[in-house]
Amino acid sequence: MSCIIWGCSNNNPSTADPSVHYYVFPKHPLIAQQWITASGWPPEEIDINVARICSIHFSEDSYTTEVKMIEYMTCYTKVLKYDAVPTLYLPLTTQIVIKDSDPHEELREMIVFASEPDSAPEPKKPPVERVIPEHDLEKYKHVQTKEQLEALENCNRSIRQNISKLEDNLKSLKESLTNQMEYYKAKDVELSNLHQEYLRSKRAYLSLQEQKALLSKVFSESQIKILSGRKKIYWSNDDMAVGYTIRHLSNKRCYVYLTKKLNIPLPAVLSIKRWMTLKGEGRKEVDNASFKKAEAEAEDEDSD
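According to the UniProt record's numbering, the sequence shown is numbered sequentially starting from 1.
Warning: the hint list may mix true and false statements.
To be verified - Derived DMTMM-like pairs (lysine to aspartate or glutamate); straight-line CA-CA distance at most 20 Å:
1) K171 x E182
2) K185 x E197
3) K68 x D168
4) K217 x E197
5) K165 x E153
6) K27 x E44
7) K68 x E150
8) K68 x E153
9) K165 x E175
To be verified - DEER-style ranges, computed between Cβ atoms:
10) I264 x K202: 26 to 32 Å
11) C75 x L194: 46 to 52 Å
12) Y76 x S172: 32 to 38 Å
13) L177 x T145: 23 to 29 Å
14) N49 x R157: 42 to 48 Å
15) N49 x Q148: 49 to 55 Å
16) K212 x S176: 50 to 56 Å
17) L199 x R160: 56 to 62 Å
Don't read these hints as lab results, they were simulated from the structure.
All residues carry an ideal CB built from backbone N, CA and C; glycine is no exception.
Kindly produce the complete structure, drawing on both the sequences and the hints.
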């Protein structure tokens, strides 16, 4: 886009200032005629449907500020007045006559933001659709006085402060959540390591029943009890016989070495002696009974 004012620096896209705004000609014929006069071009050479004038040709008095409510936030929009006429940086041959016009409602259909620059008249282009500033009257039509506007601004300021506090609280909660997630992640790793260690130890150690089954191939039940930590047990005759045999095939020092140093589960020497004493008395009784039985049989034979 370009500015139609003769000699304007914004009439060439390569040198145009991107920060300026461009306005289409107003619909009201009196205001439009003043714009044409200010441009420095003959009226027949200007197509007001596509022509634009940039914002540098309008003084600050040509603008007004409108209030908009956008998502409960007060916004101030700078809008060109409906009867504004370009007065700055115009061609020297131009004489601007600003006529007072009646502020009829029809004049409010006018000025809009448009586009960009060129020092020579532009070729005719298809009509550009006017973009009228949005006015959300339903949201702020109740604001009629300065006090109402200040109250609304205070309310919006309070809402923004609450939003800021909530955002800070949310940020703190997110940081806390991140820390908790890292903590639980570390605990998961620790639990996984413990589980792996448990599986390794489970494979390395046999159950008590499996241990007994393997030991029973070599040791007796009483010996297995001794190996499992039992202090007092009942030794069977077989256990005593094994201990007696080992004791008498070796000396006392050898037997003590086997039981005390190598921890081989064998009956104590005193237990073997008591067992032998009991077995000796039993044999004597058996021998006496056998002798008496033999004498009785001999007497019976003599009587016959």
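Status of the hints after comparison with the structure:
1. K171 x E182: 17 Å, holds
2. K185 x E197: 18 Å, holds
3. K68 x D168: Violated. K68 to D168 sits at ~28 Å, over the 20 Å cutoff.
4. K217 x E197: 31 Å, violated
5. K165 x E153: Given that 20 Å is the threshold and the Cα spacing comes to 18 Å, the pair holds.
6. K27 x E44: Distance ~17 Å between K27 and E44 Cα, so the pair holds.
7. K68 x E150: 14 Å, holds
8. K68 x E153: With a Cα-Cα distance of about 12 Å, the restraint between K68 and E153 holds, given a limit of 20 Å.
9. K165 x E175: 15 Å, holds
10. I264 x K202: 26 to 32 Å: 29 Å, holds
11. C75 x L194: 46 to 52 Å: Given a distance of about 60 Å, which is not inside 46 to 52 Å, the answer is violated.
12. Y76 x S172: 32 to 38 Å: 33 Å, holds
13. L177 x T145: 23 to 29 Å: 47 Å, violated
14. N49 x R157: 42 to 48 Å: 44 Å, holds
15. N49 x Q148: 49 to 55 Å: 40 Å, violated
16. K212 x S176: 50 to 56 Å: The hinted range 50 to 56 Å holds for K212 and S176, with Cβ atoms some 54 Å apart.
17. L199 x R160: 56 to 62 Å: At roughly 58 Å between Cβ atoms, R160 and L199 fall inside 56 to 62 Å, so the hint holds.
Consistency note: the structure conflicts with the earlier hints numbered 3, 4, 11, 13, 15.
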